[in-house]
Amino acid sequence: DQQVKQNSPSLSVQEGRISILNCDYTNSMFDYFLWYKKYPAEGPTFLISISSIKDKNEDGRFTVFLNKSAKHLSLHIVPSQPGDSAVYFCAATRAKTSYDKVIFGPGTSLSVIP
Amino acid sequence: ETGVTQTPRHLVMGMTNKKSLKCEQHLGHNAMYWYKQSAKKPLELMFVYNFKEQTENNSVPSRFSPECPNSSHLFLHLHTLQPEDSALYLCASSQGSAREQYFGPGTRLTVT
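Line by line, the protein sequences give chains A and B. All residue numbers for the first sequence refer to our numbering, where the first residue is 1 and numbers rise by one. All residue numbers for the second sequence refer to our numbering, where the first residue is 1001 and numbers rise by one.
I should point out that these hints are in silico values taken from the structure, not numbers from a laboratory. Just so we're clear, the structure is a prediction, and the values are computed from it rather than from any experiment. All C-beta atoms in this analysis are idealised placements derived from N, C-alpha and C, irrespective of residue type, glycine included.
DSSO-like, lysine-lysine: derived pairs with alpha carbons at most 27 Å apart: (1) B:1036 / B:1019; (2) B:1040 / A:37; (3) A:96 / B:1036; (4) B:1041 / A:37; (5) B:1040 / A:71; (6) B:1036 / A:71; (7) A:96 / B:1052; (8) A:37 / B:1036; (9) B:1018 / B:1052; (10) A:96 / B:1041.
Which bits of chain A does chain B cover? Going by a derived footprint, with three or more residues having C-beta under 8 Å, they are: (11) 37 to 51; (12) 101 to 111.
Partial chain A-side listing against chain B, Cβ under 8 Å, derived: (13) 4; (14) 9; (15) 32; (16) 93; (17) 96.
Pulled out of the complex, with its shape left as it was, chain B reads as follows (with noise of 0.2 Å):
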């Protein structure tokens, strides 16, 4: 595998479910993030992390529990989501700076 990967790609929960979006960077980078991207908005920056610390927390909903146990991995635990959550979330990482981040391919999430 190379860059950053996310499974699964694609997810169908219902509003009481729980589930996790996993990432994976395979570049040796010390930042990840997520992202929401719903349709014909702006990507939404949600977390990010720094050396698997939370430095920013977008005012993101607690139903949306982030998880980094090393700076490969970063998962994204759902909780009791809305219908309105439904959208792609993408993870991405870079080294040092946020200019150069490399996203992964998404996860589409509906929330039924």
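Isolated chain A (complex conformation) (with noise of 0.2 Å):
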């Protein structure tokens, strides 16, 4: 049973305009939660986090909203541009050492049309 589940496998948008990457998790335990990033032959790399403390965070063009009652999570990219084509994946823990396990989601193909 998948803890952290993202239902979109992809996702396609207009340059410009707003990317919106949905995530769902189901143990309320989790208190951190974070979104990579990976493109083809390249290792995911980390894009933005976001502490069960808080509801929003953002950098840039991208922001994080957390809804803890919901257990849902979503990424927003701001405009969209065409190097944001990528995999996307979400991720939750409540790690606060390397013994603990972060959990990650299938993962949502964006792509960005120019």
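Put the two chains together into one complex; each comes in its own frame, and the hints tell you how they fit.
This is the structure:
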């Protein structure tokens, strides 16, 4: 049973518009959430994170929103650029040490069309 | 070299072969991880090493054998694999918390 779900395997967005990637989790013990971005032939790279004590975190064009009651988070990219085309992984954890696990979702493949 | 490197980048092996995947981190981290990513599936944690000691073996079949000779190097020894083991194998490292992991580019493994 997947603890972190990304129900949209793929998403296409026009350049300049908003991209919204969604993620749901089942374990209420998770207190830290991350988004990773992965280009083909490269490993995932950290993009943005949010602690459960917040409901929003913004970094440039990227904003992550957390709705704890719904166990839902989303990543907003505004404006979307062709270079944002990649697979985006949502991840969740309560890891405070390297002994704890980070649980990844299956990923959403974003295509930004010029 | 910077970050986390993995060799080889691609590997094709028969079910009776023995091969090894190598990972090296140049970040001074004290924890290293092996993940498996199959098509359309989440990353699956296989092994965790802290200060060269294995602290996690996530029910991985014995045909996968990890080795961590020091905190900068991690190997995954492979023998008598099955076609379903074909996947992208990713190495990662972190300092302290598993929240901040740095990934290598992965080894694309195909078992024929």
